[in-house]
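Listed in order, the protein sequences are those of chains A and B. Take the first sequence: its position 206, counting from 1, is numbered 206 in this note's numbering, and each next residue is one higher. Take the second sequence: its position 33, counting from 1, is numbered 1033 in this note's numbering, and each next residue is one higher.
Hints in this document: simulated from the structure, not taken from any laboratory. Hints are supplied without guarantee of correctness; some may be wrong.
[What the hints assert, rightly or not] Partner residues aside, some chain B positions facing chain A, computed with beta carbon under 8 Å: (1) Pro1072; (2) Arg1078; (3) Tyr1081; (4) Met1092; (5) Trp1095; (6) Glu1096; (7) Phe1250; (8) Phe1258; (9) Glu1283.
[Said to hold, decoys possible] Now the stretches of chain A that chain B is said to cover, found in silico as 3 or more residues with beta-carbon under 8 Å: (10) 5-13; (11) 17-28.
Fair warning: this is a prediction, and the values are worked out from it, not measured in the lab. Positions of the beta carbon are idealized from the N, C-alpha and C atoms, including for glycine.
Below are the chains, spelled out letter by letter.
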Amino acid sequence: MQAIATKELRSRMRGGRAFGVLTVYLLLLSCLVVVIYGFTARTIANPNPFDAGGPPPPLGKILFYGVTLVELLLIAPLAPSFTAGAIAGERERQTFDLVMTTPIRGRDFVLGKLASGISYVLLLIFVALPVQVLALLFGGLTLTELLLGFWTLIVATVFYASVSLFFSSVMKTTTTASLFSYIVVAMSLIGALFVALISSIIGIGGPLGIFFEGPPDQAAPKTWAVYLALLLVSLSPLTAGGLTAVALNTGEGTFWFRLGEGEGIPGHPNGYFIVSPWLVYSVIYLGLSALVIFLSMRYVRPTTARNPNNPSRPPVLREEGLPPPPPPRRVDLPPSAAQEGT
Amino acid sequence: MDALVQTQALTKRYDNLVALDSMNLSVERNSIFGFVGPNGAGKTTSIRIICTLLQPSSGEAWIDGHSVRDEPDRVRNRIGYMPDFFGVYEDMKVWEYMDFFARCYDVPASKRPGLTDELLELVDLGEKKNAYVESLSRGMKQRLCLARTLVHDPALLVLDEPASGLDPRARVEMRELLKELRTMGKTIILSSHILAELADVCTHIGIIERGRLLASGRVEEMIGRLSVRKRVRMRVSSKPLTAHRVLSGFPGVVDASFEGSAPETDEQPAALAFGLTEEVQDESAVLTQLVSSGVPVRAFAEESGDLEDVFLQITKGQVQ
Chain A
1 MQAIATKELR
11 SRMRGGRAFG
21 VLTVYLLLLS
31 CLVVVIYGFT
41 ARTIANPNPF
51 DAGGPPPPLG
61 KILFYGVTLV
71 ELLLIAPLAP
81 SFTAGAIAGE
91 RERQTFDLVM
101 TTPIRGRDFV
111 LGKLASGISY
121 VLLLIFVALP
131 VQVLALLFGG
141 LTLTELLLGF
151 WTLIVATVFY
161 ASVSLFFSSV
171 MKTTTTASLF
181 SYIVVAMSLI
191 GALFVALISS
201 IIGIGGPLGI
211 FFEGPPDQAA
221 PKTWAVYLAL
231 LLVSLSPLTA
241 GGLTAVALNT
251 GEGTFWFRLG
261 EGEGIPGHPN
271 GYFIVSPWLV
281 YSVIYLGLSA
291 LVIFLSMRYV
301 RPTTARNPNN
311 PSRPPVLREE
321 GLPPPPPPRR
331 VDLPPSAAQE
341 GT
Chain B
1001 MDALVQTQAL
1011 TKRYDNLVAL
1021 DSMNLSVERN
1031 SIFGFVGPNG
1041 AGKTTSIRII
1051 CTLLQPSSGE
1061 AWIDGHSVRD
1071 EPDRVRNRIG
1081 YMPDFFGVYE
1091 DMKVWEYMDF
1101 FARCYDVPAS
1111 KRPGLTDELL
1121 ELVDLGEKKN
1131 AYVESLSRGM
1141 KQRLCLARTL
1151 VHDPALLVLD
1161 EPASGLDPRA
1171 RVEMRELLKE
1181 LRTMGKTIIL
1191 SSHILAELAD
1201 VCTHIGIIER
1211 GRLLASGRVE
1221 EMIGRLSVRK
1231 RVRMRVSSKP
1241 LTAHRVLSGF
1251 PGVVDASFEG
1261 SAPETDEQPA
1271 ALAFGLTEEV
1281 QDESAVLTQL
1291 VSSGVPVRAF
1301 AEESGDLEDV
1311 FLQITKGQVQ
């Protein structure tokens, strides 16, 4: 694994490309912080005359959530770009066979590729740390929110990189692997919008409505429907992160909470026991990542040992005490060929 | 015979296509074994199975006593493989390329720098150690790839078309390198469809066509088994038609023909060639007969049969 990761990182960090990506990324985030700060500060300075008063908008939170969201949207296309070509590219460059004739294990090969791809994206997340931590200076942001924001980004990075690596191991070309990877990434992000759309269509009385519009006034949603809704919202880092933020800001627990507690939902006086969406999202994404990494390891090695504990032996060795073999055949000139030559 | 490579009824099928048909092969230790055959004959398929890159449909292959099917990792440690078409990591330096493969073979870190220098010197790339791989010529890349195959000191080198795409000088250098590797105790399997390439370097050959190994053995033995032992080339100042008639009637002379266009009269000079079977022990008898028939012979030279003759006879002319 170390051999592969070292080689990949050496190649990746060489030249101006890695530095360029890093610079552009930080510039974009810094510009965003300036824009958010300017916009929010102006809003605070000129309160809405129709507003009934109340506390000013939490600048720290707005900054943090804004930067995290943009980071997620930048990481989503970057992670596949580093891993979708990792294995398919070796096939295209005709270097794959060279590596596969070494005793390197499929596991080490795949994990090495994954580690190098992920580590660069993680570098992007960590270099943005000072920009995000700025939010703490403005107050309103808790350490839990900060850590969960990082965690959401890291989990998304692992998942996007793993899925892309899987397609890279299955597909023959980088182009096809990238195409499928971006479809999955798009579904992961845009799928969240569909969930929100479905929830608005199903409406206040529907099971998803309980997450978006508060508990229904009349009939209580079925328990299974509530958990299905939890599953759906946890399928995307956008909705999972968003709802976790909502839960934290309404004073709910970090890991679990009771939804609709004390709101008089018929049949559910204590509300519904809900595992926090970020936790469900983490389990789903990391579980899927482990699955696709395992499959990549299986795909990447073209041959596997058939019977390593009781290997077959060639005729010569069998003569030394092992079961007898059929004799090796001497291949002679075919008689027809010899006749034709005369 | 101490065989390093053995195969038994090795077969590879792709749906209805039989790429390799019950191949039984033995390759002696410290030999250079040339796999000869036209394109699509099954050379690369057998090589890929031996190198654990392809699973056989049936049959078995052992490298140094280890089964490619049951102990692929042990086999990989004993093999250095250079494919016919291969890429190199262009964005790496030459020493990094060597270092990467040394790591893949678990060569201890303390040994890697010295080993890299040693191997680069062997393939005459010592001065290119810090150059980028992309800056190397095709021949240099081929030599670098050969150095890479040696990084774990394998017993067997498997080289698929090692001289393809090389200029004449690089071919000669590659040939000399292979001979040197043999003196270092390596066993080498190399494939080619260019017979002249193999003739000079191989100690053994195996002829494969349409997935079947038609013949294998030492090069001299194979040539010895030829039905036409020798070929003779001669030139005459005149009487070419008489010479042709004499040759055609001489017992043990086969395939007498004019080189170039046949002369129209018996007064023209011409060049002829003919084959001698085992029936003719001494070709001077043929020369005596020609001279006594009044043919003015200017030149008369024998040539031993070569791999090309072997190949043509064995494959019955089904050469591409």
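### Task
Double-check Tyr1081(B) for me: the hint is only fine if its C-beta lies closer than 8 Å to a C-beta in chain A.
holds (4 Å)
### Task
Using 8 Å as the Cβ threshold, decide whether Pro1072(B) counts as touching chain A.
holds (6 Å)
### Query
Taking 8 Å as the C-beta cutoff, is the stated coverage of the segment 17-28 of chain A by chain B satisfied by three or more residues?
The restraint on the segment 17-28 of chain A is violated, since only 0 of its residues have a Cβ under 8 Å from chain B and three are required.
### Task
With chain A as the partner, please determine if Met1092(B) meets the hint condition of a C-beta pair closer than 8 Å.
holds (6 Å)
### Query
Was the hint right that Phe1250(B) lines chain A, CB cutoff 8 Å?
violated (15 Å)
### Message
Using C-beta distances, would you say chain B covers the segment 5-13 of chain A, given that this needs three or more residues below 8 Å?
### Response
holds (count 4)
### Message
Quick check on the hint: Trp1095(B) CB to chain A CB, less than 8 Å?
### Response
Hint violated; Trp1095(B) Cβ to chain A Cβ min 12 Å, cut 8 Å.
### Query
Does the nearest C-beta of chain A fall within a distance shorter than 8 Å of the C-beta of Phe1258(B)?
violated (21 Å)
### Message
Tell me if the interface restraint on Glu1283(B) is satisfied: Cβ within less than 8 Å of some Cβ in chain A.
### Response
violated (17 Å)
### Message
Less than 8 Å between beta-carbons is the criterion; does Arg1078(B) satisfy it with respect to chain A?
### Response
violated (10 Å)
### Residue hint Glu1096(B), partner chain A, criterion CB-CB below 8 Å
Because about 6 Å separates Glu1096(B) from the closest Cβ in chain A, which is inside the 8 Å limit, the hint holds.
Taken one by one, the earlier hints fail for this structure at numbers 2, 5, 7, 8, 9, 11, listed in ascending order.
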